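**Q** Guided by the hints, dock chain B onto chain A, whose structure is given.
There are 2 protein chains.
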Amino acid sequence: MSIQHFAPGQVIDISPYGADFDSAASETLIRESHIEVFRFVLTAGKTTPEHTAAGAITIQCIEGEVELGLGDEIRVLKPHNLVYLGVGEAHTVKALTDVTLLITILLQRE
Amino acid sequence: MSIQHFAPGQVIDISPYGADFDSAASETLIRESHIEVFRFVLTAGKTTPEHTAAGAITIQCIEGEVELGLGDEIRVLKPHNLVYLGVGEAHTVKALTDVTLLITILLQRE
Numbered sequence: 001m002s003i004q005h006f007a008p009g010q011v012i013d014i015s016p017y018g019a020d021f022d023s024a025a026s027e028t029l030i031r032e033s034h035i036e037v038f039r040f041v042l043t044a045g046k047t048t049p050e051h052t053a054a055g056a057i058t059i060q061c062i063e064g065e066v067e068l069g070l071g072d073e074i075r076v077l078k079p080h081n082l083v084y085l086g087v088g089e090a091h092t093v094k095a096l097t098d099v100t101l102l103i104t105i106l107l108q109r110e
Numbered sequence: 001m002s003i004q005h006f007a008p009g010q011v012i013d014i015s016p017y018g019a020d021f022d023s024a025a026s027e028t029l030i031r032e033s034h035i036e037v038f039r040f041v042l043t044a045g046k047t048t049p050e051h052t053a054a055g056a057i058t059i060q061c062i063e064g065e066v067e068l069g070l071g072d073e074i075r076v077l078k079p080h081n082l083v084y085l086g087v088g089e090a091h092t093v094k095a096l097t098d099v100t101l102l103i104t105i106l107l108q109r110e
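Chains as they are written, first to last, in the numbering used here: chain A, 1 to 110; chain B, 1 to 110.
Worth flagging that the hints you see were computed from the coordinates, not collected in a lab. Note that the structure is a prediction, hence the values are computed from the model and not measured. A couple of the hints might just be wrong.
[What the hints assert, rightly or not] Pairwise CB distance ranges, derived in the manner of DEER restraints:
1) ALA90(B) with THR97(A): 36 to 44 angstroms
2) GLN10(A) with PRO49(B): 22 to 30 angstroms
3) SER23(B) with HIS51(A): 34 to 42 angstroms
4) THR47(B) with GLY71(A): 43 to 51 angstroms
5) GLN108(B) with GLY88(A): 15 to 23 angstroms
6) ALA44(A) with VAL76(B): 32 to 40 angstroms
[Stated by the list, open to error] Some, not all, of what chain B presents toward chain A, calculated at C-beta under 7 angstroms:
7) SER15
8) ILE30
9) ILE35
10) VAL83
11) TYR84
12) GLY86
13) ILE105
Every residue, glycine too, gets a C-beta built ideally from N, C-alpha and C.
Just chain A, with the same shape it has in the complex (with noise of 0.2 angstroms):
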């Protein structure tokens, strides 16, 4: 994972790759205290092993299709979907197309 990071008040393209999927790469977005935020590629096909985030987090679906699989349940999240995961709740995402999801981490820090 290629590391970037964007300062405060930075404006932050996180557009689609569309065409230029070939070139995408998963990139840390912010890193801040109690923060993180990062754009996840996953190419049609490919599923992560089931997990768990390091706090709550959202993810949001910027483009391409994908199974989010919590449990015994499955929830398909296009374009312009957005989920709330609370803390320790372990899914597994399975790319059903190419993907690019938005993956915002509320860190639980002492």
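**A** Okay, now just chain B, sitting in the frame of chain A:
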């Protein structure tokens, strides 16, 4: 502001209102202990007074075009643009067109 909350795991549609903008209303989408996500609708020409949020925020432009005022600086946000503001960063929002923003607030709670 009408109130509507979605449960964790529920798919939330954050599509632009487009031709239905006349029926658009600001609404709270998620309200949990440490996060609030809401859709903020502002009609062309309207400006918010300078204000600070209850925590660090991200602002994403869903549709339309706004001027985000940060002290003496102005940033223009268009669809697929995202900005992060740290705790206590005073700002104004001026709608250059009818706009919808997705605002995520990291609530600072003891």
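**Q** Could you run down the list of hints and mark each one as holding or not?
**A** Hint-by-hint comparison with the structure:
no., hint, verdict
1, ALA90(B) with THR97(A): 36 to 44 angstroms, "holds (41 angstroms)"
2, GLN10(A) with PRO49(B): 22 to 30 angstroms, "holds (24 angstroms)"
3, SER23(B) with HIS51(A): 34 to 42 angstroms, "holds (39 angstroms)"
4, THR47(B) with GLY71(A): 43 to 51 angstroms, "holds (46 angstroms)"
5, GLN108(B) with GLY88(A): 15 to 23 angstroms, "holds (22 angstroms)"
6, ALA44(A) with VAL76(B): 32 to 40 angstroms, "holds (34 angstroms)"
7, SER15, "holds (4 angstroms)"
8, ILE30, "holds (5 angstroms)"
9, ILE35, "holds (6 angstroms)"
10, VAL83, "holds (6 angstroms)"
11, TYR84, "holds (5 angstroms)"
12, GLY86, "holds (5 angstroms)"
13, ILE105, "violated (10 angstroms)"
Of the hints listed earlier, the one the structure fails to meet is number 13.
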